[in-house]
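These protein sequences, in sequence, are chains W and E.
The opening position of the first sequence corresponds to residue 1 in my numbering, with each subsequent residue numbered one higher.
The opening position of the second sequence corresponds to residue 1 in my numbering, with each subsequent residue numbered one higher.
These aren't lab readings, by the way, just hints derived from the structure by calculation.
Hints may be right or wrong, so weigh each one.
To be verified - Quick list of simulated restraints, FRET-style, between CB atoms: (1) E:65 x W:106: 40 to 50 Å; (2) E:67 x W:16: 47 to 57 Å; (3) E:67 x W:107: 34 to 44 Å; (4) E:57 x W:26: 24 to 34 Å.
What the hints assert, rightly or not - Covered stretches of chain E (in silico footprint by chain W; criterion: 3 or more residues with CB under 8 Å from a CB of chain W, positions within the stretch not fixed): (5) 41-52; (6) 59-71; (7) 111-118.
Claimed, not checked - The calculated DMTMM-like cross-link candidates involving lysine to aspartate or glutamate, where the alpha carbons are at most 25 Å apart (straight line), are: (8) W:39 x E:109; (9) W:104 x E:16; (10) W:39 x E:101; (11) W:104 x W:82.
Built from N, CA and C at the ideal position, the CB exists for glycine as well.
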Amino acid sequence: DIQMTQSPSSLSASVGDRVTITCRASQSISSYLHWYQQKPGKAPKLLIYAASTLPSGVPSRFSGSGSGTDFTLTISSLQPEDFATYYCQQTYSDPQDTFGGGTKVEIK
Amino acid sequence: QLQLQESGPGLVKPSETLSLTCTVSGGSISSTNYYWGWIRQPPGKGLEWIGSIYYSGSTYYNASLKSRVTISVDTSKNQFSLKMTSVTAADTAVYYCARRERTSWYYFDYWGQGTLVTVSS
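Work out the full structure: start from the sequences and follow the hints.
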């Protein structure tokens, strides 16, 4: 099974900060890496797919990079509505998905 | 706009069977471009993929749950369903249904709002 490790598990940041979250796969997954944003009491929302592609409607302050085993999600200037938990997901071993453990972004 | 809605009992007794249905509206479950999946999230914890189904009935399950899980599809009702047997308190979670893209990168692009299932006597 492919394991996904996210770091940090939580972070505190201020509005306007640049935030970076990392996700590491236990083996190479090419670019089959996706990011989701989840707010309390809500379903996850697709934020980035294929490591770096933003779906329509996602603000450009979000960006993703990486391939192989190491990936990053970057928020260039944190906004109040970005405080949430972020999950990575690998689908290289389709259809046997795995999600990372999540990173909670909190207000400093 | 595609919408998914989970339905089913919110309380299940230990050792019994959890049954949920996902109703899809605004699109056809018979599309060749998508799988349909179930994901769960225990309170305060992360996401766990349970399994997925194609409209033809082909199923794919998380190996750790495979012995207890059955996913089925009813194309006439535009629904798919989850059954999980022999539940314990560890199966208490919010259960989400979602659409999974199957032609390129396999991400989940539409999700239901989720339904909390509590396993308790």
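Cross-check of the supplied hints:
1. Between residue 65 (chain E) and residue 106 (chain W) the CB atoms are about 31 Å apart, so this pair departs from the stated range of 40 to 50 Å.
2. Between residue 67 (chain E) and residue 16 (chain W) the CB atoms are about 50 Å apart, so this pair conforms to the stated range of 47 to 57 Å.
3. For residue 67 (chain E) paired with residue 107 (chain W), a C-beta distance near 43 Å keeps the hint of 34 to 44 Å intact.
4. Taking the beta carbon of each, residue 57 (chain E) and residue 26 (chain W) are about 32 Å apart, inside 24 to 34 Å as hinted.
5. Counting residues of the region 41-52 of chain E whose CB lies closer than 8 Å to any CB of chain W gives 5, which reaches the minimum of 3, so the coverage claim holds.
6. Counting residues of the region 59-71 of chain E whose CB falls under 8 Å from any CB of chain W gives 3; the rule of at least 3 is met.
7. Only residues whose C-beta sits within less than 8 Å of a C-beta in chain W count toward coverage, and the region 111-118 of chain E has 4 of them, enough to reach three; the restraint holds.
8. The hinted pair formed by residue 39 (chain W) and residue 109 (chain E) meets the criterion: a straight-line CA distance of about 16 Å does not exceed 25 Å.
9. With a C-alpha separation of about 34 Å, the suggested pair residue 104 (chain W) and residue 16 (chain E) falls outside the 25 Å cut-off, and the hint is violated.
10. Restraint check: the Cα-Cα separation between residue 39 (chain W) and residue 101 (chain E) comes to about 23 Å, which is no more than 25 Å; the hinted pair holds.
11. The suggested pairing of residue 104 (chain W) with residue 82 (chain W) holds, with an alpha-carbon distance near 10 Å, which does not exceed 25 Å.
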